[in-house]
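What follows is the residue order along each chain.
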Amino acid sequence: MTAQVLLRGRELTRRWGGLVAVDRVSLELERGSVHAVIGTNGAGKSTLINLLSGEIAPSSGEVQLLGSDVTHWPQPKRARAGLGRSYQRNTIYPSFGVIENCRLAAQARRQQPWGWWRDAARDESTLAAARDAAARAGLTALLDRPAGLLSHGQKRQLEIAMCLATAPEVLLLDEPLAGMGAEETERMLALLAELKHGHAILLVEHDMDAVFRIADRITVMVNGAVIASGTPDDVRASAEVRTAYLGDH
Amino acid sequence: MDRSKLAFVVAVFALLAAWPLAAGSYGVDLVTKIMVYAIFALSLELLVGTTGLVCFGQAAFFGIGAYAAVLLSPAEGASLVWLLPACVLAAGVYALAVGALSLRTKGVYFIMVTLAFAQMAYYVVHDTPFGGGTDGIYLTAKPSLGVLDLDRAGVLYGFTLACLAGTFVFLGLLLRSPFGRALAGIRVNEQRMRATGFSTYPYKLAAFTLSGAIAGLAGFLFAVKDGVVNPELMSWHLSGAVLVMIILGGLGHLRGALIGAFAFALLQEFFQSVAVFGAFAKHWHLGLGLTIIGCVALLPRGLIGLPARWRERLGGRAFARAALPAAEEAAR
Amino acid sequence: MDVATFLVQCLNALQYGLLLFLIASGLTLIFGIMGVINLAHGSFYMIGAYMAFALAPLVAATFGGGFFATLAVGTVLAVLLGYVLEWAFFSFLYEREHLQQVLMTYGLILVFEELRSLVVGDDVHGVEPPPLLSGTLPLGELMTYPVYRLFVSGVCVALAAGMWFVFTRTRLGMMIRAGSANREMVQSLGIDIKFLYRVVFAAGVAIAVLAGMVAAPVSSVYPGMGNSVLIVCFVVVVIGGIGSIRGALLAALLIGAVDTFGKVLLPQAAGVLVYVLMALILLWKPSGLFKAA
Amino acid sequence: MTLHRLAAVAACLALAAPFASAQSAKVKVGLMLPNSGTFAALGTAIENGFRLYVAEQGGKLGGREIEFFKVDDESDPSKATDNVNKLIKRDNVDVLVGTVHSGVAMAMAKVAKDTGTLLIVPNAGADAVTGPMCAPNIFRSSFSNWQPGYAMGEVVAKKGHKKVVTITWKYAAGDESVRGFKEAFEKGGGQVVKELSLPFPNVEFQALLTEIAASKPDAVYTFFAGGGAVKFVKDYAAAGLKNSIPLYGAGFITDGTLEAQGADADGLQTTLHYADSLNTPRDDAFRLSYAKTYKLQPDVYAVQGYDAAQILGIGLAAVKGDLAKKAEFAAAVEKAKIDSPRGTFVLGKSHNPVQDIYLRQVSGKENKLVGVAAKSLADPARGCKL
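Protein chains in written order, with our numbering: chain V, 1 to 249; chain E, 1 to 332; chain B, 1 to 293; chain W, 1 to 386.
So that you can see chain V by itself, here it is in the shape it has in the complex (with noise of 0.2 angstroms):
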């Protein structure tokens, strides 16, 4: 069976003013594996997470999504069709209850903007969509705890809960294990992992234990552009690599 590639960067670069931050990036995200970006502070891998999403648009370059160019697709109909992303920093809604943080993810699939007597607190559809989310991240006992009371962990699971709940193929995910507790690492990986199936996963990480233990491909980036790509033991037997980046110490 041939791995089937759902999201593709195709020569990806970005410009801001005469400073290259991604430089002609070519990579391609297969349903059922993890791709992992490394590279140093500023190597831009942000910035190219940010242009797979619709973000920010990119100076030159293509990305597809399931077959389809959507380069010059805003970010929300890139994520209607299928793109998720979490954030580096928490990005939830920390007012809000753990389910609802989730409910309101997975509205975007279903938008009815029209049915203002309607509670939403009750729309069983999104409802159950944003219980299965949080289900899968393992939030299912905090479900109505507001989520400004979660723990660092919890927080970041919840990030990934509401990637999810908007039923996304491709999930773009930037530093999830940023922060977190030895514990909490192996609960994520361990969610990661379950992840994999049925999913394209981009994934940011400084951790490198980590990426090498769970990545299938690993891109590695040094500014902006890519000294080497393949599988965790082909980077890691990279000259260029070991020089330019694992090496340093």
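One should not assume that every hint holds.
[Claimed, not checked] Using 25 angstroms as the maximum straight-line C-alpha spacing, the simulated DMTMM-like pairs for lysine to aspartate or glutamate come out as follows:
no.: 1; chain 1: W; residue 1: Lys216; chain 2: B; residue 2: Asp2
no.: 2; chain 1: W; residue 1: Lys295; chain 2: B; residue 2: Asp122
no.: 3; chain 1: W; residue 1: Lys365; chain 2: B; residue 2: Glu128
no.: 4; chain 1: W; residue 1: Lys113; chain 2: E; residue 2: Asp149
no.: 5; chain 1: E; residue 1: Lys5; chain 2: V; residue 2: Glu55
no.: 6; chain 1: V; residue 1: Lys155; chain 2: E; residue 2: Glu190
no.: 7; chain 1: V; residue 1: Lys196; chain 2: V; residue 2: Glu240
no.: 8; chain 1: E; residue 1: Lys106; chain 2: V; residue 2: Glu194
no.: 9; chain 1: B; residue 1: Lys285; chain 2: E; residue 2: Glu190
no.: 10; chain 1: W; residue 1: Lys295; chain 2: B; residue 2: Asp123
no.: 11; chain 1: W; residue 1: Lys194; chain 2: B; residue 2: Glu95
no.: 12; chain 1: W; residue 1: Lys292; chain 2: B; residue 2: Asp123
no.: 13; chain 1: E; residue 1: Lys106; chain 2: B; residue 2: Glu95
no.: 14; chain 1: W; residue 1: Lys113; chain 2: E; residue 2: Glu76
no.: 15; chain 1: E; residue 1: Lys106; chain 2: B; residue 2: Glu97
no.: 16; chain 1: V; residue 1: Lys155; chain 2: B; residue 2: Glu97
no.: 17; chain 1: W; residue 1: Lys216; chain 2: B; residue 2: Glu141
no.: 18; chain 1: E; residue 1: Lys5; chain 2: V; residue 2: Asp144
no.: 19; chain 1: W; residue 1: Lys385; chain 2: E; residue 2: Glu76
Think of the hints as simulated: they come from the structure by calculation, not from any bench. On a predicted model such as this, the values are computed, not experimentally measured, just so you know.
For chain V, the structure is supplied; the task is to place chains E, B and W on it using the hints.
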């Protein structure tokens, strides 16, 4: 809405319904005015408190509703059936146009663009013969519908109360609907909403238009109540005053707009009262200003945060913890 | 309009624009760096004008007088006022929403206006320009141009140059620029941001008060004078780009021109032109002509 | 913040209280005048004038004591109806006196017409108040904007000026004043070559002064008041136009503003229904009395307030204190000669003063009398159906 909030709202409306039985004609007049301002404040609350769009030109929609009521009325008086919708529509259409353009900007720039459009409307009625100039124009005959003759103070009071209740219930339902939840999400984090798949612009535009239309309703009632309109109805002073009302009452709650409108009007009455301040009453702005400053310093969440604050004082940490999300939100 | 008239109108536009800049620059400073929407800015202008009127006899009695002595005393008082106000009314507001600051400054407007009424009364007053500057220059066949107006423009230019110097050439300016760009970073560098804010606020107030004092002989002194300049100052700041000094300068000159020529060429629409200009510029450049300094 | 509760309770009490009290023997006079904002000083002068006359009559008019109720109208027309209602419905006043701002006065006239409450306008010159809005129960003790303008039009035409430029704020009072001027001036053979205006309350005159210089008229007619009047006169002089193009204006340009205008106003000729040096026994007595009571020199606003009280006094005396007899009240006032410090005047059919309009010239910070510009000038009261 939990039970205590519901009880509060029901009590307020019951009191308002009973008020004409107790009050004289001035009292009825005063509360009619305050209720009109409350509807106006609710319209802005939908933008500022719910959607996070700070509009500094809300008076334009209010004024357009009022001017439409006067300009569209034939000399022998109009029927409510078409005049009221026409006024609301006029304000809504202007809001749609203003919103479509101004929502391209953000933050302080949005505040200023809405102000600019309001000033434009102000100068159109102020400087052109169309608007009757500085001294304004009179509404010769008030609209009616069968027994619903708005020329009678009692009827107008009842009608305004019904409009206020209708607006409140409508917004209450709207805010818990999927549309309202999306607006709330946009206020907290618009970027996240876009990443989730919401095209936020149409949502904001819809909220802006709706808000303008409701302000137009308030303006219509104001014109009918006073029987005269003038450009000051569109001045930035009024836009500022209504903003003060909702902040004073407490942002993020429909009840806050209600409380704020009453508090602001009653504070003015209080400081202007010769009975209390004697000759110093002519300097009533001083008292009002100091009270507003005091409220900012001591009541960051507005008057609506008052009970929670008392509970914190009395109950200590347990309540403080429950109040955390609100605080966190306030700090955003 | 013949060429001579046109040139005189250009001079009028320039002079009005510079005056607007003088008033608005303090606002853009406070606005851009501290993020405070200061509705009371017009009140500070009003306070300045009344200082020029009310302080003059006091200063004359204590220091032997003179317009410039009054300016100096007024500016010192203004710095103190700004410093105290920041400490008393704003220092605890930075953590809160911007709208709270709006409410606070709205309250201050009411208070200042009533205090003015209580202390100085409600009458209109004129302020004489200093004898040194009270002459006029001939302009065309009929008109003359008051030297004092040139002086006002001179003050504006000097202030603009001074602000440019402070911003780009001094350590304080560097800290201020950094502070407006990134609050946390500045704090992590060990700069006392609270003190910085206090200084900026005091400077903003002092500039507004100075503008009021300098403008008083031209504008005369009357109740409600602060409110009438407030909105147009906001327009200047927003068109120019919040926090940008050179943006404010350009915007002020632009508004001076639109207002001056609007009154002459399109009197029916003179009131609305400035706002049309602002709306157009913001629709073209949604964050003003220049990003912050 | 118990203060709020307190405020709310107090406000409620304040609302409820008046309804309890029965009709007292005193005549309740509601003063709706500006206490704050640009016109605050004018409001004070009017109130002083009014109270002075009442005090001179021993606190009684028509045999009844006078009780005052006050509301600050803020010169804000959008609050006008509410403020009038405060006096009419809360304080149950018998008579309304107010105000300075024309737009506010229009709203007051509307309420007075609807409710039948007696209204005496002590300043606002809006033509409509004694035009389309005229009513048996509405009186004016001051002037209509048309009057000083018309009188000045005759004066300027007689002086032989042919080409005149007018300049004013783009608002009702300015438009009406200029219209009056133009009517008389063009009747007298002159021509208004340019009508300049700027948005109210903009005070940046320089561009328009340049326009005036460029069109080189024989004279300039202007209508400004308050801070704008001060600035306009100073700017006009500073621009050097004072020496080359004579400036004429409706009297408000130099009333209550001379102190601030200083020497720049010297020689300025204006028309108004009052002047500083009438030197009649009536005026001297009034000025002395006013100066003694308030330690201030009276101005035209004080006279208007004073005469408003006179009108009320005449009417009350005629109906023997019974204000229900509205027709008799009006009839008596219409017949009466009002012995005003400005000179005797009567009220015309539309209840606007038929009065001499004086030509005055500024000299030594006073509006010195030059002569009578228009004898017994009556407002045309266009649109009045009385």
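Legend entry - 25 angstroms Cα cutoff - pair lysine 106/E, glutamate 97/B: 16 angstroms, holds
Inset, instruction - Could you grab the alpha-carbon distance between lysine 113/W and glutamate 76/E and see if it respects the 25 angstroms cut-off? - result: 18 angstroms, holds
Legend entry - Distance restraint between lysine 292/W and aspartate 123/B, which requires alpha-carbon spacing of 25 angstroms or less: The given pair, whose Cα atoms are some 20 angstroms apart, holds under the 25 angstroms limit.
Legend entry - Holds or violated: lysine 216/W to glutamate 141/B, with C-alpha atoms at most 25 angstroms apart: 10 angstroms, holds
Inset, instruction - Please work out if lysine 113/W and aspartate 149/E have their alpha carbons no farther apart than 25 angstroms. - result: 20 angstroms, holds
Inset, instruction - Starting from lysine 365/W, check that the Cα of glutamate 128/B is at most 25 angstroms away, please. - result: Given that 25 angstroms is the threshold and the Cα spacing comes to 15 angstroms, the pair holds.
Legend entry - Holds or violated: lysine 155/V to glutamate 190/E, with C-alpha atoms at most 25 angstroms apart: At roughly 18 angstroms apart (the allowed maximum being 25 angstroms), glutamate 190/E and lysine 155/V satisfy the hint.
Legend entry - Pair hint outcome, lysine 155/V versus glutamate 97/B [Cα-Cα no greater than 25 angstroms]: Status holds; Cα separation ~24 angstroms.
Inset, instruction - Sort out whether glutamate 76/E lies within 25 angstroms of lysine 385/W, counting only the CA atoms. - result: 19 angstroms, holds
Inset, instruction - Mind checking the alpha carbons of lysine 106/E and glutamate 95/B for me, to see if they're no more than 25 angstroms apart? - result: 20 angstroms, holds
Inset, instruction - Would you mind confirming whether the straight-line C-alpha gap from lysine 5/E to glutamate 55/V stays at or under 25 angstroms? - result: Judged against 25 angstroms, a Cα distance of about 40 angstroms means the pair is violated.
Legend entry - Hinted pair lysine 295/W and aspartate 123/B, Cα distance within 25 angstroms: Answer holds: lysine 295/W to aspartate 123/B is near 15 angstroms, not above 25 angstroms.
Comparing the model with each earlier hint shows violations of hints 5, 7, 8 and 11; every other hint is respected.
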